[in-house]
Amino acid sequence: MKADKPAAQKRHKCFEETHLAMIETAVRLISEKGLEALSIAAVTREMGMNRTTFYYHFESRDALINEVKVWSAEKLAEAFDDSRPQRERIDYITRFVLENPDVVKLWIEELITGGDVRNSYPHWDALVNGIAQSTGSRTGEDAIDPEVFSVILLTSAIVGPLVFRNSVDPGADIGTIVERFRGERVRQLKEVDLLSR
Numbered sequence: 121m122k123a124d125k126p127a128a129q130k131r132h133k134c135f136e137e138t139h140l141a142m143i144e145t146a147v148r149l150i151s152e153k154g155l156e157a158l159s160i161a162a163v164t165r166e167m168g169m170n171r172t173t174f175y176y177h178f179e180s181r182d183a184l185i186n187e188v189k190v191w192s193a194e195k196l197a198e199a200f201d202d203s204r205p206q207r208e209r210i211d212y213i214t215r216f217v218l219e220n221p222d223v224v225k226l227w228i229e230e231l232i233t234g235g236d237v238r239n240s241y242p243h244w245d246a247l248v249n250g251i252a253q254s255t256g257s258r259t260g261e262d263a264i265d266p267e268v269f270s271v272i273l274l275t276s277a278i279v280g281p282l283v284f285r286n287s288v289d290p291g292a293d294i295g296t297i298v299e300r301f302r303g304e305r306v307r308q309l310k311e312v313d314l315l316s317r
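Numbering (the working numbering), first residue to last: 121 to 317.
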């Protein structure tokens, strides 16, 4: 029986690696060609696999799209990981949004169509609680509503770079946009005493 355990673990690891590779292939296809270009045939062709393998991992194209949404939520959550310097996190989220606009649009659609925000952004409670702790001593007109402020932070970090690149300065390169957003975000966070490291 012990001899079977490593083989089972290896099969499980291979399944997970293939599953993730399929999600990342879907992300790349969506980012390069748009959601309309994502099909079971496109994913299997890109990966050199057959449809049976696809269906072993996902029951449908929609199931794959749902996994892409989960993947994007996890990637966006990395921008709020306190172990990284704040400026690095600001750069990360801005760059991710600009490099994956169609994937981010899926995430935004999920976020605005209703349901619990935690389904789209699993770290919601930590974000709100962190803002509440950091700004809890403010009173009166200076008081900050942690939930509303969290919505503003999250949406401006995700929607802002796309609006800027698509409608304000379409010719700007990603590095320039990242730098400009970092500067403005740092200024805003300093204004409300939320800038760390």
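Just so you know, the hints here were simulated from the structure itself, not pulled from any lab data.
There may be inaccurate statements among the hints.
[Unchecked claim] Simulated restraints, written as ranges between beta carbons of each label pair:
no.	residue 1	residue 2	range
1	165	256	50 to 60 Å
2	136	207	27 to 37 Å
3	239	175	51 to 61 Å
4	153	306	26 to 36 Å
5	303	175	40 to 50 Å
6	161	256	49 to 59 Å
7	306	252	20 to 30 Å
8	242	136	14 to 24 Å
9	253	138	40 to 50 Å
10	202	267	33 to 43 Å
11	151	242	29 to 39 Å
Heads up, the beta-carbon is just placed ideally off N, CA and C, and yes, glycines get one too.
Lying within 29 to 39 Å: is that true of the beta-carbon distance residue 151 to residue 242?
-> About 22 Å separates the Cβ atoms of residue 151 and residue 242, which means 29 to 39 Å is violated.
Beta-carbon spacing of residue 153 to residue 306 - inside the hinted bounds 26 to 36 Å or not = Taking Cβ atoms as reference, residue 153 and residue 306 lie about 35 Å apart, which means the hint holds.
Return holds or violated for the Cβ distance of residue 306 and residue 252 against the range 20 to 30 Å.
-> With Cβ atoms ~21 Å apart, the hint holds.
Residue 239 and residue 175, beta-carbon distance inside 51 to 61 Å?
-> violated (25 Å)
Just tell me: holds or violated, for the beta carbon distance of residue 253 and residue 138 against 40 to 50 Å?
-> holds (42 Å)
Taking the CB of residue 136 and the CB of residue 207, does the distance hold inside 27 to 37 Å?
-> Hint holds: Cβ distance 33 Å, inside 27 to 37 Å.
So does residue 202 sit 33 to 43 Å from residue 267, Cβ to Cβ?
-> violated (19 Å)
State, for the Cβ atoms of residue 242 and residue 136, whether the hinted interval 14 to 24 Å holds or is violated.
-> This hint holds: roughly 19 Å between Cβ atoms.
Per the hint of 50 to 60 Å, is the separation of the Cβ atoms of residue 165 and residue 256 within bounds?
-> holds (54 Å)
If you check the beta carbons of residue 161 and residue 256, does the distance land in 49 to 59 Å?
-> Given about 53 Å between the Cβ atoms, the range holds.
Is the hinted range of 40 to 50 Å satisfied by the C-beta distance from residue 303 to residue 175?
-> Check passed, 48 Å falls within 40 to 50 Å.
When held up to the earlier numbered hints, the structure conflicts with 3, 10, 11 and fits the remainder.
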